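Number of protein chains: 2
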Amino acid sequence: MRAQVLDAVRAELGEHGYDGLTVDAVAARSGVHRATVYRRWGDVGGLLADVLDAAGDDGWQPPDTGSLAGDLAALNHEIQAAMTAEPPVMAALIAASFRSAQADAAQRRLWADRYARCEVIVDRAIGHGELPAGTRARPLLVASTAPVYHHLVLLRLPPDPALPDQAARTAALAARHGAFTDR
Amino acid sequence: MRAQVLDAVRAELGEHGYDGLTVDAVAARSGVHRATVYRRWGDVGGLLADVLDAAGDDGWQPPDTGSLAGDLAALNHEIQAAMTAEPPVMAALIAASFRSAQADAAQRRLWADRYARCEVIVDRAIGHGELPAGTRARPLLVASTAPVYHHLVLLRLPPDPALPDQAARTAALAARHGAFTDR
Numbered sequence: 140m141r142a143q144v145l146d147a148v149r150a151e152l153g154e155h156g157y158d159g160l161t162v163d164a165v166a167a168r169s170g171v172h173r174a175t176v177y178r179r180w181g182d183v184g185g186l187l188a189d190v191l192d193a194a195g196d197d198g199w200q201p202p203d204t205g206s207l208a209g210d211l212a213a214l215n216h217e218i219q220a221a222m223t224a225e226p227p228v229m230a231a232l233i234a235a236s237f238r239s240a241q242a243d244a245a246q247r248r249l250w251a252d253r254y255a256r257c258e259v260i261v262d263r264a265i266g267h268g269e270l271p272a273g274t275r276a277r278p279l280l281v282a283s284t285a286p287v288y289h290h291l292v293l294l295r296l297p298p299d300p301a302l303p304d305q306a307a308r309t310a311a312l313a314a315r316h317g318a319f320t321d322r
Numbered sequence: 140m141r142a143q144v145l146d147a148v149r150a151e152l153g154e155h156g157y158d159g160l161t162v163d164a165v166a167a168r169s170g171v172h173r174a175t176v177y178r179r180w181g182d183v184g185g186l187l188a189d190v191l192d193a194a195g196d197d198g199w200q201p202p203d204t205g206s207l208a209g210d211l212a213a214l215n216h217e218i219q220a221a222m223t224a225e226p227p228v229m230a231a232l233i234a235a236s237f238r239s240a241q242a243d244a245a246q247r248r249l250w251a252d253r254y255a256r257c258e259v260i261v262d263r264a265i266g267h268g269e270l271p272a273g274t275r276a277r278p279l280l281v282a283s284t285a286p287v288y289h290h291l292v293l294l295r296l297p298p299d300p301a302l303p304d305q306a307a308r309t310a311a312l313a314a315r316h317g318a319f320t321d322r
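Residue numbers (our numbering), protein chains in the order written: chain B, 140 to 322; chain W, 140 to 322.
Hints in this document: simulated from the structure, not taken from any laboratory. Small disclaimer: the values here were computed from a predicted structure and weren't measured. Built from N, CA and C at the ideal position, the CB exists for glycine as well. Please note that the accuracy of each hint is not assured.
[As the list claims (entries may be wrong)] In silico negatives: residues of chain B with every beta carbon more than 10 Å from chain W:
no.	residue
1	Asp163
2	Ala164
3	Ala167
4	Tyr177
5	Asp182
6	Asp189
7	Ala234
8	Arg238
9	Val259
10	Ala272
11	Pro278
12	Val281
13	Ala285
14	His289
15	His290
16	Ala310
[Stated by the list, open to error] With beta-carbon atoms standing in for the labels, derived distance ranges:
no.	chain 1	residue 1	chain 2	residue 2	range
17	B	Arg247	W	Glu217	23 to 31 Å
18	B	Asp163	W	Gly170	41 to 49 Å
19	W	Pro297	B	Ala220	41 to 49 Å
Next up, chain B with everything else stripped away, as it sits in the complex (with noise of 0.2 Å):
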């Protein structure tokens, strides 16, 4: 059941914006009954909780190519393809993240999650010695993937495709002269 509703969370979302979602909306084009969906998630700002939290339990890893500055490549443009997708479900949940503390709360655990489990590029290339020592993961990861929020979530750019691969190449070129290593 939950599956259901989170998908006609998602749909709904997708076509309509924060603004459009609505509980009985999403309940009935998930099938589920409104007093059920009213009890279990409360109201659009739990739906939208859920929708977060889901994502950070599908068992998403960072991509693995061979090298850090193509395993932040490919970072960058899964993030580049997740964030311009039809319908854009990824942009509203940032977007309705500024309007319901529940989602807000949540957007920030699916944050904190992800670059977590992106340490591991930094790791591997710690491992291989294509890092220094020492360098640090977290503000790594940060330099290389926020020109792309930048980009698209507050600049509002049509999408650069150049850019993932660019940001990549830059953090990756930074961090090799040890940019990361203390502060």
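Given the coordinates of chain B, assemble chain W onto it according to the supplied hints.
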């Protein structure tokens, strides 16, 4: 009259956020007749757009510290200070740009204007030989500033006092190594 009304918008937005912002409260706070406010600005979206457009008319110039890394770091400190100021007017304007089409368009104009003004930082660094000729200003500026916005606006983590300098240093290092000379 415009200055009083826009001051009132910023004050109401800082105190109550987008959801608490009303034309009537802005009119009352500014001492301007509400019919006048409705006639000139239309609605909350029109008021927000004018606050953002006014921010673009402020004669702001980017820092000029004598070095690329210094300029980028000073810029990042300005951004971090603005994003964490109380009341949180800038953060509320960014959040509002997800809600109002007029605020969204005005926010895009402001981003474009600010990044265009900052290109002189890169021109100066090329001029005194700190950066290779042909370094592209915009992706370098995005690489330097994006981590600060990403950390505060999307990840919504507490401000990291080391991040403005670190992101600036990282972008400057990559730029010196030619990361932004081609794509």
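*Return the numbers of the hints above that this structure violates; sort them in rising order.*
7, 8, 11, 12, 13, 14, 15, 16, 19
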